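From first to last, the protein sequence lines are chains A and B. Letter by letter, the first sequence follows residues 1057 to 1139 of the numbering used here. Letter by letter, the second sequence follows residues 1057 to 1139 of the numbering used here.
No lab work stands behind these hints, which were simulated from the structure alone. This structure is a prediction, so every number in the text was calculated from the model and none was measured. Just to be clear, a hint being listed does not mean it is correct.
What the hints assert, rightly or not - Per the computed footprint, the stretches of chain A lying under chain B, defined by three or more beta-carbons under 8 Å from a beta-carbon of chain B, are:
| # | stretch |
| --- | --- |
| 1 | 1059-1073 |
| 2 | 1091-1097 |
| 3 | 1100-1109 |
| 4 | 1117-1128 |
We treat Cβ as the ideally placed atom computed from N, Cα and C, and that holds for glycine.
There are 2 protein chains.
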Amino acid sequence: MPIYEVVVEVWLKDGIVDAEGNSVTEALRDMGYPVKDTRVGKVYRITMEAASKEEAEKLVEEMCRRLLVNPVKDKYLFRVEQR
Amino acid sequence: MPIYEVVVEVWLKDGIVDAEGNSVTEALRDMGYPVKDTRVGKVYRITMEAASKEEAEKLVEEMCRRLLVNPVKDKYLFRVEQR
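Model the full structure from these sequences, guided by the hints.
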């Protein structure tokens, strides 16, 4: 079975205050960097078997919905690469 | 001044045990997914001013070294996009 590597980014939705991101913005500004905004997210690199790229995408969608993402507060995006 | 959006991914180095990633692998396997390995990282989306893309890249390198990345345990990569 082919091996795929999937990178999933999970971000807070735009309307939700990102306290950690705001702290990073403040710290970077205090250091003199011209930063306007920072958002902080999580990123997963999942190595998995799948019959095809389409199958891998289908499985990742499911994993996001069932485990990795909280649909109330999170949004996500992913990319699938064959290894 | 042009505005750039930078996405920085921060990962544990390959030799370092990723306990959170291992938990995710186990959980996904228990749910029936054919997952071989998972690594978990942090991702920052930083909106900033810079005179050019090269200048933005230089500043981000500095921010990584000075704040976002622990060089003992982390590796990182980033992409810069003009907005």
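To see whether the hints hold, each was checked on the structure:
1. 1059-1073: holds (count 3)
2. 1091-1097: It holds, with 7 qualifying residues against the three required.
3. 1100-1109: Held - the stretch 1100-1109 of chain A has 7 residues with a Cβ nearer than 8 Å to chain B, which meets the minimum of three.
4. 1117-1128: holds (count 5)
In this structure, every one of the numbered hints holds.
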